[in-house]
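*Asks:* All chains should be modelled from the sequences, with the hints used to inform the complete structure.
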Amino acid sequence: MPGQKISKHVENWPNESRDAAQLVINQYGEPDEVTASQLIWHKPGPWKRIVASKTFYEHNFPAPHNDSVESVIDYRVPPQKFSELAEFDGSVIVERTAGEVSARCHDEQANFLALNLMHDIVTGAKNVEQARSYYAKEFANYRRKKPTPYMEKLRFTPAERGGADLDVRVLTDEDLAEAKREGEQRG
114 MPGQKISKHV ENWPNESRDA AQLVINQYGE PDEVTASQLI WHKPGPWKRI VASKTFYEHN
174 FPAPHNDSVE SVIDYRVPPQ KFSELAEFDG SVIVERTAGE VSARCHDEQA NFLALNLMHD
234 IVTGAKNVEQ ARSYYAKEFA NYRRKKPTPY MEKLRFTPAE RGGADLDVRV LTDEDLAEAK
294 REGEQRG
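In the working numbering, each residue's number is its place in the sequence shown (first place is 1) plus 113.
Do not take every clue at face value.
BS3-like, lysine-lysine: derived pairs with alpha carbons at most 27 Å apart [as the list claims (entries may be wrong)]:
{"hint": "1", "residue 1": "LYS167", "residue 2": "LYS156"}
{"hint": "2", "residue 1": "LYS121", "residue 2": "LYS156"}
{"hint": "3", "residue 1": "LYS250", "residue 2": "LYS239"}
{"hint": "4", "residue 1": "LYS239", "residue 2": "LYS259"}
{"hint": "5", "residue 1": "LYS121", "residue 2": "LYS167"}
{"hint": "6", "residue 1": "LYS293", "residue 2": "LYS250"}
{"hint": "7", "residue 1": "LYS250", "residue 2": "LYS118"}
Simulated from the structure, these hints should not be mistaken for laboratory data.
This one's a predicted model, so the numbers in the text were calculated from it and none came from an experiment.
*Replies:* Right, dumping it as C-alpha coordinates:
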(Lines of atoms letter the chains of each structure in order from A; the text may use other names.)
(Lines give C-alpha, C1' and ligand atoms only; values in the text may rest on other atoms or scores of the structure.)
Protein backbone atom coordinates (compact mmCIF):
# COMPACT_ATOMS: atom_id res chain seq x y z
CA MET A 114 0.00 0.00 0.00
CA PRO A 115 2.44 2.64 -1.27
CA GLY A 116 2.35 6.05 0.36
CA GLN A 117 0.02 4.95 3.16
CA LYS A 118 0.93 4.70 6.83
CA ILE A 119 1.03 1.10 7.99
CA SER A 120 -0.31 0.22 11.45
CA LYS A 121 2.28 -0.78 14.05
CA HIS A 122 0.24 -3.96 14.59
CA VAL A 123 1.02 -5.30 11.12
CA GLU A 124 4.26 -3.61 10.10
CA ASN A 125 6.20 -6.88 10.43
CA TRP A 126 3.59 -9.11 8.80
CA PRO A 127 4.09 -10.54 5.29
CA ASN A 128 2.88 -8.18 2.54
CA GLU A 129 0.02 -10.53 1.62
CA SER A 130 -1.60 -10.41 5.05
CA ARG A 131 -0.37 -6.94 6.07
CA ASP A 132 -2.07 -5.20 3.16
CA ALA A 133 -5.35 -7.06 3.75
CA ALA A 134 -5.30 -6.27 7.50
CA GLN A 135 -4.52 -2.63 6.78
CA LEU A 136 -7.68 -2.39 4.66
CA VAL A 137 -9.71 -3.50 7.70
CA ILE A 138 -7.90 -1.02 9.94
CA ASN A 139 -8.61 1.74 7.42
CA GLN A 140 -12.30 0.76 7.34
CA TYR A 141 -13.00 0.08 11.03
CA GLY A 142 -10.16 1.66 13.00
CA GLU A 143 -7.97 0.01 15.57
CA PRO A 144 -8.83 -3.61 16.48
CA ASP A 145 -10.45 -4.58 19.76
CA GLU A 146 -7.91 -7.36 20.35
CA VAL A 147 -4.31 -7.66 19.21
CA THR A 148 -1.95 -10.63 19.32
CA ALA A 149 1.29 -11.19 17.43
CA SER A 150 -0.61 -13.16 14.79
CA GLN A 151 -4.18 -11.81 14.77
CA LEU A 152 -6.22 -8.64 14.96
CA ILE A 153 -9.87 -8.93 16.01
CA TRP A 154 -12.72 -6.45 15.71
CA HIS A 155 -15.99 -7.13 17.55
CA LYS A 156 -19.22 -6.07 15.84
CA PRO A 157 -17.72 -3.90 13.10
CA GLY A 158 -20.31 -2.92 10.51
CA PRO A 159 -22.59 -5.86 9.71
CA TRP A 160 -20.22 -8.47 11.15
CA LYS A 161 -20.20 -10.38 14.41
CA ARG A 162 -16.42 -10.09 14.21
CA ILE A 163 -13.58 -9.73 11.74
CA VAL A 164 -10.29 -11.54 12.24
CA ALA A 165 -7.24 -10.47 10.26
CA SER A 166 -4.47 -13.07 10.48
CA LYS A 167 -0.75 -12.87 9.89
CA THR A 168 -1.04 -16.31 8.33
CA PHE A 169 -2.44 -16.29 4.83
CA TYR A 170 -3.63 -19.09 2.58
CA GLU A 171 -3.16 -19.29 -1.16
CA HIS A 172 -6.50 -19.75 -2.88
CA ASN A 173 -7.09 -20.23 -6.60
CA PHE A 174 -10.87 -19.79 -6.80
CA PRO A 175 -11.91 -17.91 -8.86
CA ALA A 176 -8.38 -16.60 -9.57
CA PRO A 177 -5.16 -16.82 -7.55
CA HIS A 178 -5.20 -14.64 -4.43
CA ASN A 179 -4.47 -14.90 -0.70
CA ASP A 180 -6.99 -15.38 2.11
CA SER A 181 -6.26 -13.74 5.47
CA VAL A 182 -9.32 -11.70 6.51
CA GLU A 183 -12.25 -13.62 7.99
CA SER A 184 -15.68 -12.02 8.36
CA VAL A 185 -18.06 -13.84 10.74
CA ILE A 186 -21.86 -13.77 11.04
CA ASP A 187 -24.42 -15.66 13.11
CA TYR A 188 -26.17 -18.07 10.76
CA ARG A 189 -27.63 -21.54 11.07
CA VAL A 190 -26.80 -23.84 8.17
CA PRO A 191 -28.80 -27.06 7.94
CA PRO A 192 -26.34 -29.98 8.14
CA GLN A 193 -27.52 -31.35 4.78
CA LYS A 194 -26.15 -28.15 3.13
CA PHE A 195 -22.59 -28.48 4.48
CA SER A 196 -21.28 -30.51 1.55
CA GLU A 197 -22.69 -28.06 -0.98
CA LEU A 198 -21.02 -25.15 0.80
CA ALA A 199 -17.70 -26.98 0.93
CA GLU A 200 -18.00 -27.70 -2.79
CA PHE A 201 -18.86 -24.05 -3.48
CA ASP A 202 -15.88 -22.41 -1.76
CA GLY A 203 -13.32 -23.84 0.66
CA SER A 204 -13.01 -20.43 2.31
CA VAL A 205 -16.60 -20.50 3.55
CA ILE A 206 -16.41 -21.93 7.05
CA VAL A 207 -19.45 -23.31 8.89
CA GLU A 208 -19.35 -23.72 12.67
CA ARG A 209 -22.47 -25.75 13.43
CA THR A 210 -22.37 -25.74 17.22
CA ALA A 211 -21.45 -22.05 17.45
CA GLY A 212 -24.04 -21.16 14.82
CA GLU A 213 -21.59 -19.13 12.81
CA VAL A 214 -20.58 -18.90 9.19
CA SER A 215 -17.58 -17.00 7.97
CA ALA A 216 -15.77 -16.26 4.77
CA ARG A 217 -12.00 -15.86 4.67
CA CYS A 218 -10.65 -13.96 1.70
CA HIS A 219 -8.45 -10.99 0.87
CA ASP A 220 -10.97 -8.25 1.62
CA GLU A 221 -14.41 -7.47 2.99
CA GLN A 222 -15.98 -7.17 -0.46
CA ALA A 223 -15.00 -10.71 -1.41
CA ASN A 224 -16.38 -11.92 1.95
CA PHE A 225 -19.71 -10.21 1.19
CA LEU A 226 -19.75 -12.02 -2.14
CA ALA A 227 -18.98 -15.43 -0.65
CA LEU A 228 -21.52 -15.12 2.17
CA ASN A 229 -24.28 -13.79 -0.09
CA LEU A 230 -23.75 -16.80 -2.35
CA MET A 231 -23.62 -19.11 0.69
CA HIS A 232 -27.07 -17.79 1.61
CA ASP A 233 -28.31 -18.38 -1.95
CA ILE A 234 -27.15 -22.01 -1.76
CA VAL A 235 -28.71 -22.58 1.68
CA THR A 236 -32.05 -21.07 0.58
CA GLY A 237 -32.03 -22.87 -2.78
CA ALA A 238 -31.85 -19.68 -4.86
CA LYS A 239 -28.68 -21.00 -6.54
CA ASN A 240 -27.02 -24.38 -6.82
CA VAL A 241 -23.26 -24.82 -6.38
CA GLU A 242 -22.47 -24.50 -10.09
CA GLN A 243 -24.57 -21.33 -10.42
CA ALA A 244 -22.98 -19.82 -7.31
CA ARG A 245 -19.43 -20.54 -8.52
CA SER A 246 -20.23 -19.09 -11.93
CA TYR A 247 -21.77 -15.97 -10.40
CA TYR A 248 -18.79 -15.57 -8.05
CA ALA A 249 -16.36 -15.63 -10.98
CA LYS A 250 -18.47 -13.18 -12.97
CA GLU A 251 -18.78 -10.67 -10.13
CA PHE A 252 -15.10 -11.04 -9.18
CA ALA A 253 -14.14 -10.14 -12.76
CA ASN A 254 -16.68 -7.30 -12.86
CA TYR A 255 -15.08 -5.82 -9.73
CA ARG A 256 -11.80 -5.63 -11.62
CA ARG A 257 -13.63 -4.10 -14.60
CA LYS A 258 -15.14 -1.52 -12.24
CA LYS A 259 -18.61 -2.69 -13.22
CA PRO A 260 -21.51 -3.03 -10.75
CA THR A 261 -21.04 -5.79 -8.16
CA PRO A 262 -24.19 -5.93 -6.03
CA TYR A 263 -23.14 -9.06 -4.09
CA MET A 264 -19.90 -7.34 -3.02
CA GLU A 265 -21.53 -4.20 -1.60
CA LYS A 266 -23.29 -5.55 1.50
CA LEU A 267 -25.00 -8.58 2.96
CA ARG A 268 -28.20 -9.12 0.99
CA PHE A 269 -29.88 -10.92 3.90
CA THR A 270 -30.17 -10.40 7.64
CA PRO A 271 -27.94 -12.67 9.77
CA ALA A 272 -29.46 -14.39 12.78
CA GLU A 273 -30.08 -11.86 15.54
CA ARG A 274 -29.75 -14.23 18.47
CA GLY A 275 -27.18 -16.56 17.02
CA GLY A 276 -27.66 -19.65 14.97
CA ALA A 277 -26.29 -22.15 17.46
CA ASP A 278 -27.19 -25.78 16.85
CA LEU A 279 -26.72 -27.65 20.11
CA ASP A 280 -27.44 -30.96 18.35
CA VAL A 281 -29.43 -33.79 19.98
CA ARG A 282 -28.50 -35.45 23.24
CA VAL A 283 -28.09 -39.21 22.92
CA LEU A 284 -26.67 -40.10 26.36
CA THR A 285 -28.94 -39.74 29.38
CA ASP A 286 -27.72 -38.84 32.86
CA GLU A 287 -28.32 -42.50 33.73
CA ASP A 288 -26.09 -43.63 30.80
CA LEU A 289 -23.31 -41.32 31.99
CA ALA A 290 -23.60 -42.45 35.61
CA GLU A 291 -23.43 -46.10 34.51
CA ALA A 292 -20.37 -45.40 32.36
CA LYS A 293 -18.69 -43.66 35.31
CA ARG A 294 -19.42 -46.63 37.60
CA GLU A 295 -17.95 -49.04 35.02
CA GLY A 296 -14.88 -46.85 34.71
CA GLU A 297 -14.37 -46.76 38.46
CA GLN A 298 -14.63 -50.56 38.63
CA ARG A 299 -11.90 -50.89 36.02
CA GLY A 300 -10.00 -48.34 38.03
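*Asks:* Against each hint, give a clear statement of whether it holds in the structure.
*Replies:* Here's how the hints hold up against the structure:
1. LYS167 / LYS156: The given pair, whose Cα atoms are some 21 Å apart, holds under the 27 Å limit.
2. LYS121 / LYS156: holds, 22 Å
3. LYS250 / LYS239: Between LYS250 and LYS239 the Cα gap is close to 14 Å, so the pair holds against 27 Å.
4. LYS239 / LYS259: Holds, at about 22 Å.
5. LYS121 / LYS167: holds, 13 Å
6. LYS293 / LYS250: Violated. LYS293 to LYS250 sits at ~57 Å, over the 27 Å cutoff.
7. LYS250 / LYS118: Violated, because 33 Å separates the two Cα atoms, which is more than 27 Å.
Going through the hint list in order, the structure does not satisfy hints 6, 7.
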